[in-house]
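> Sequence:
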Amino acid sequence: MQETILRFFQSVATPFWDKFFTYVTMLGEQYFIILIVAWIFWNYSKKDGFIMMLIFLISTMFNLLLKDIFQTKRPFQKLENFNGKRVETAIGFSFPSGHTQGATILFVNLALVLKKTIYIVFAIQISLLVAVSRVYLGVHWPIDVLGGFLGGIVTVLVFYPFLNKMHEQTAKFFKTIFIILGIFYFILFTIICLNEFALNEPLELKSYIILVGIASGCILGYWFEEKKFAFTNSATGWKKFLRYIIGIAVTIGILAGLKMILPENNLSNWFRYFLVGAWITGIFPLVGIQLKLFEKAI
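When we follow the working numbering, the leftmost residue of the sequence shown carries the number 35, and every step to the right adds one.
Quick caveat, the hints were computed from the structure, so don't treat them as lab data. From a predicted model like this one, the values you see are computed outputs, not experimental measurements. Be careful, since some hints might not be right.
The calculated lysine to aspartate or glutamate pairs, modelled on DMTMM-like cross-linking and capped at a C-alpha distance of 20 Å, are [what the hints assert, rightly or not]: (1) 261 to 329; (2) 107 to 37; (3) 262 to 202; (4) 274 to 230.
Go ahead and model the full structure; you've got the sequences and the hints to work with.
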C-alpha cells in the first residue's frame, strides 16, 4: 500500500509540482522555523516565543530518538527504480518525519498562541501539506509523515499547557528548563557512549550535537536575559521591523558565516548553534537595548 502511494506520486510528478512541493517542504526546515519563532520572541510575546522554542526542541529530541529506535530506511534507499528528490534534507532514518513533525509543532503552536479557531484549521492544513510534500518527494513513507503529524500534535497538546502553567512560577520554570537541558546532555552522552563502546554501526551524532547546542544557547540566553535586563516586546511598528531585520541578518550570518570559517566537526557544530540560540534569546536583546531597539521591562 505504501509503495503504491509513492509510485503514484512519482507517476504524476511534473516540474511544476516538483518546485511546488520543494517550497512547501521548506516550511518544516530549520531556517523557516527560526524566522517565525524569532519574530514571536522579539516582537509579539517573549514568553510564547520561548515556549515555542522549547516545545520544538523537545519534539526534535523525541523525533531523533524514535528514528534511531526504529531505524527505518527511506523509500529511495529501499525501493528499486525509485529516485527521491531533495534528498539532501533526508538526514538519518525515516520514521517519523522530522519535517512534518516540525511544521506541525510550529503551526499548531502558533495557532494556540494567536488563539483563533481559524488558525487551527489553517495550521492543520499546512501541516498535512508538508506531510504530502515529503511523500511526493520520495524521502518518506506515508507512515512516516502520519507518525510525524500525530507526534507533533501530541507534543504540543501535552507541553503547551504544561509549560505555560509552569511559567507562572518563575523559580520552578527555570528549574524545569534546566532539567530539560540536563536530560538533553544525558541523551547526548549516552549516544556517544553507545557509538564508542556498544554499536557496530554508530548512530548519526551530528543532529544531536546541533540540537543540544541550540538548546543550550536558547536556555542560557533566556535565563541571562530574564535575570539581568529583561526586555519588553513593546515598540513602534518600524522599530519592530528594524530589529527583526537586524536580528535575523546576524542569525543567518552566524549559521552561514561560521560554517565557512570553522572546521567541520562536532565541537564547531555545537558552538555555531549555541551561538545562534544565545543570540536570539540573550545577546541580541542585550545589544538591542544599547541600540535603543529594545526597552527594558519596567
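> Between residue 262 and residue 202, does the CA-CA distance stay at or below 20 Å?
It holds: about 19 Å lies between the C-alpha atoms, which stays within 20 Å.
> Between residue 274 and residue 230, does the CA-CA distance stay at or below 20 Å?
Violated - the C-alpha atoms of residue 230 and residue 274 are around 48 Å apart, more than 20 Å.
> Holds or violated: residue 261 and residue 329, Cα atoms, limit 20 Å.
Given that 20 Å is the threshold and the Cα spacing comes to 15 Å, the pair holds.
> Take the C-alpha atoms of residue 107 and residue 37, compute the straight-line distance between them, and say whether it is at most 20 Å.
holds (13 Å)
Going down the numbered hints, you'll see the structure goes against just number 4.
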